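Student: Spelled out, the chains give:
Protein chains: 2
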Amino acid sequence: MTKNKSALNVMKGIDVPETVSKDAAKRFLSKRKKELKVDEAVEGILSGNISILSAAITLIESNLPKHQKKAAQIIEKCLPYSGNSVRIGITVVPGVGKSTFIEALGLYLINKGHKLAVLAIDPSSEQSGGSILGDKTRMEQLSAEKNAFIRPSPSSGSLGGVARKTRESIILCEAAGFDTVFIETVGVGQSETKVHSMVDFFLLLMLAGAGDELQGIKRGIMEMADTIIINKADGNNIDKANLAKKEYENALHMFPPTESGWTPNVLLTSALQNFGIEDVWLTIKKYLELTKKSGYWLQRRNNQAKYWMHETILESLKNNFYNNTKRKKLIKDFERKVQQGKISPFEAAHMLLNKYFSK
Amino acid sequence: MTKNKSALNVMKGIDVPETVSKDAAKRFLSKRKKELKVDEAVEGILSGNISILSAAITLIESNLPKHQKKAAQIIEKCLPYSGNSVRIGITVVPGVGKSTFIEALGLYLINKGHKLAVLAIDPSSEQSGGSILGDKTRMEQLSAEKNAFIRPSPSSGSLGGVARKTRESIILCEAAGFDTVFIETVGVGQSETKVHSMVDFFLLLMLAGAGDELQGIKRGIMEMADTIIINKADGNNIDKANLAKKEYENALHMFPPTESGWTPNVLLTSALQNFGIEDVWLTIKKYLELTKKSGYWLQRRNNQAKYWMHETILESLKNNFYNNTKRKKLIKDFERKVQQGKISPFEAAHMLLNKYFSK
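If you read the protein sequences in the order shown, they are chains R and D.
Final position of the first sequence in my numbering is 359; the numbers increase by one with none missing.
Final position of the second sequence in my numbering is 359; the numbers increase by one with none missing.
FYI, nobody ran anything at the bench for these hints, they're computed from the structure.
Among the hints, erroneous ones may be present.
If chains are identical, the list can't say which one is meant, so a pair holds when it fits in one copy or spans any two.
With a straight-line cut-off of 20 Å between C-alpha atoms, the simulated EDC-like cross-links for lysine to aspartate or glutamate are [said to hold, decoys possible]:
#1 K318 with E347
#2 K70 with E35
#3 K246 with D234
#4 K328 with E315
#5 K245 with D279
#6 K306 with E335
#7 K70 with E347
#8 K286 with D179
#9 K342 with D39
#10 K306 with E347
#11 K286 with E259
#12 K342 with E76
#13 K69 with E347
#14 K66 with E347
In this text the structure is predicted, and so the values were computed from the model without any measurement.
Kindly generate the complete structure, drawing on both the sequences and the hints.
Tutor: Following this line, the structure appears as structure tokens:
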């Protein structure tokens with residue numbers, strides 16, 4: 001049992017080659033005689049200790065105030081050592097096997113001497129009970145690599161909260177020496193916008209043929225992509241993939257120019273046959289070169305930092321208003337009245353707000 | 001002087017055939033002996049009195065609490081009479097002359113017996129000092145029509161506030177008997193998402209040739225369009241327009257399916273030669289038929305009402321936090337520190353929030 005073994009090693013404080021599952025990290029936190037101390041955590045992270053990194057991320061994900069306080073202190077101390085990775089958003093159309101692609105690109109990077117962290121924002125993970133087991137099973141080779149760290153989506157909380165936690169985890173991963181960070185999502189909801197706000201480069205992973213497999217992807221995501229990748233361009237799929245490439249290129253050509261000055265492109269890959277994977281990395285490197293030279297990269301990172309400050313404020317203002325049992329019931333009542341046209345949305349809002357602010 | 005004449009007529013309480021400018025409405029409010037009363041306003045609106053409608057919208061736009069209170073009461077009383085118009089969002093790529101198109105489509109509708117209100121959300125209007133004069137000058141024919149009401153964007157406030165005011169104005173226009181409402185924007189910012197959340201149908205107005213004239217349009221807007229219109233398909237432009245139509249059709253074909261079940265299309269028009277205008281209206285009618293039959297139309301209207309309730313709440317929570325002179329300075333300081341990497345965005349947010357909530 002891989003899981004037990006890694007948990008055991010964690011308990012012993014040994015830096016295990018595999019990534020540490022959430023459960024193991026939780027046990028690490030709860031079963032240790034003394035709780036993870038801030039300085040101990042920072043030291044561990046900076047020395048590249050994966051178990052401690054994982055435990056610290058578990059603190060970030062915890063909703064206990066004392067954990068949150070500790071997490072905040074760890075983040076502040078890691079901050080000066082962060083920022084040095086390439087942050088890549090990878091969004092997959094539902095149904096496209098993301099794991100084979102991420103594993104292929106990941107292994108390529110590891111072989112080139114990179115250290116790779118794979119984080120996820122998966123709004124569906126709450127329902128499915130987390131995807132770590134699935135991810136780790138599917139990315140068996142990558143998860144066995146010493147220089148790879150795979151961490152699933154936090155399994156509870158609002159999208160805003162989950163995204164913020166992932167954004168905070170990036171800082172710790174970078175401080176732990178990971179020079180490449182993947183943030184993966186399934187392109188079904190609002191999470192892509194959040195991911196777009198924490199990465200340098202945005203990949204959209206698709207299949208050949210723009211028909212049925214696009215069902216479920218949210219409109220607007222295509223226009224965020226810096227590169228569209230058509231995976232599984234192998235076997236009987238090659239002709240279809242080539243056709244799709246041409247069609248997507250034409251479509252991209254009709255889009256308004258990007259702010260970055262970059263011209264989005266379409267690449268064919270076969271993760272199975274390890275075809276086209278290097279091109280993906282070369283494309284990302286080209287993008288980085290262009291945007292670092294133009295100053296766009298830095299400007300975007302700065303704007304993203306500002307964005308997350310305001311986003312965190314907003315999230316907190318919202319929580320303070322909405323996370324109230326009595327108010328929740330009232331809101332439901334007003335929603336119903338608004339939908340029935342009995343009261344205007346504005347009046348309903350004002351009545352709810354008056355109660356809130358008069359307290 | 002058109003403006004003076006209409007202002008004069010307003011003062012006399014006469015229902016003028018022309019639309020009433022903002023200035024005139026303001027004067028109407030300030031110079032009358034008695035202020036506009038709620039019941040008087042509602043009665044006037046329901047009887048289709050344009051001057052009173054205009055004055056009531058001015059109340060909506062006012063930031064004075066007593067005006068806002070009155071506006072809210074007027075809206076509530078008009079609510080049962082609202083909802084019966086076709087709400088159409090029209091977004092133009094900057095540089096595309098919107099007025100000729102809106103005038104052509106507007107006059108077509110007026111001639112078919114419709115009553116048309118044209119509202120605008122223009123985030124740039126604050127800088128340019130409002131666009132009413134421009135709009136009215138450019139849409140001379142339409143603004144002279146008895147059954148047309150042209151109202152520019154509120155010229156101050158945040159985008160959220162401006163959008164909310166426009167959304168509220170729709171209710172009054174519908175209660176005044178306008179069966180068609182255009183909400184126009186320039187596709188440069190966040191306003192399109194807001195417009196999308198208050199209309200039944202979303203038009204994107206472009207020019208032939210997808211090159212330079214796309215500069216400035218925001219990515220993601222194309223994927224919101226229910227119909228793309230290529231205007232100025234006349235004279236030397238015809239070949240270019242036909243080519244662009246085909247290219248956009250191919251691009252649209254590559255997009256994920258819409259939630260509505262509608263397949264977005266591309267139409268050629270020449271507002272100048274009055275060509276293709278009828279097709280635009282037939283397309284909208286077809287869309288309405290499809291979505292009303294499927295239940296999507298009603299579901300969307302309901303969701304929009306809910307959206308605006310929560311949007312108004314959010315706007316108010318934000319205002320309460322951000323509209324504070326002392327805090328504004330502090331926020332600027334923290335923004336700087338965050339950008340310099342001296343403090344994490346999250347810690348900065350927490351420090352600002354602690355101060356806010358501890359009061």
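Student: Evaluate each hint against the coordinates.
Tutor: Going through the hints against the structure:
1. In this assembly of identical chains, K318 and E347 lie within 20 Å of each other by CA distance both inside one copy and across copies; the values are 19 Å within and 18 Å between.
2. For the homomeric pair K70 and E35, the shortest alpha-carbon distance inside one copy (11 Å) is at most 20 Å, but the shortest distance between copies (58 Å) is not.
3. Only within a single protomer do K246 and D234 lie at most 20 Å apart by alpha-carbon distance; the minimum there is 16 Å, versus 30 Å between protomers.
4. For a Cα distance limit of 20 Å, the shortest separation of K328 from E315 qualifies both inside one copy, at 16 Å, and across copies, at 18 Å.
5. In this homomeric assembly, K245 and D279 come within 20 Å of each other (Cα to Cα) only inside a single copy, at 15 Å, whereas the closest approach across copies is 33 Å.
6. In this assembly of identical chains, the alpha carbons of K306 and E335 lie at most 20 Å apart only when taken from different copies (6 Å versus 33 Å within one copy).
7. Taking CA atoms no more than 20 Å apart as the test, K70 paired with E347 passes between copies only; the shortest distance there is 12 Å, against 42 Å inside one copy.
8. Taking the closest pair of Cα atoms, K286 and D179 come within 20 Å of each other only inside a single copy of the chain (17 Å); across copies the shortest separation is 53 Å, beyond that limit.
9. Taking identical chains as interchangeable, the C-alpha atoms of K342 and D39 lie at most 20 Å apart only when they sit on different chains, with a minimum of 19 Å there against 57 Å within one chain.
10. Taking the closest pair of Cα atoms, K306 and E347 come within 20 Å of each other only across two copies (12 Å); inside a single copy the shortest separation is 33 Å, beyond that limit.
11. Within a single copy, K286 and E259 get their C-alpha atoms as close as 16 Å, which meets the 20 Å cut-off; across copies the closest is 36 Å, which misses it.
12. In this assembly of identical chains, the alpha carbons of K342 and E76 lie at most 20 Å apart only when taken from different copies (9 Å versus 49 Å within one copy).
13. Only between protomers do K69 and E347 lie at most 20 Å apart by alpha-carbon distance; the minimum there is 10 Å, versus 38 Å within a single protomer.
14. In this assembly of identical chains, the alpha carbons of K66 and E347 lie at most 20 Å apart only when taken from different copies (15 Å versus 39 Å within one copy).
In summary, the structure agrees with every hint in the numbered list given earlier.
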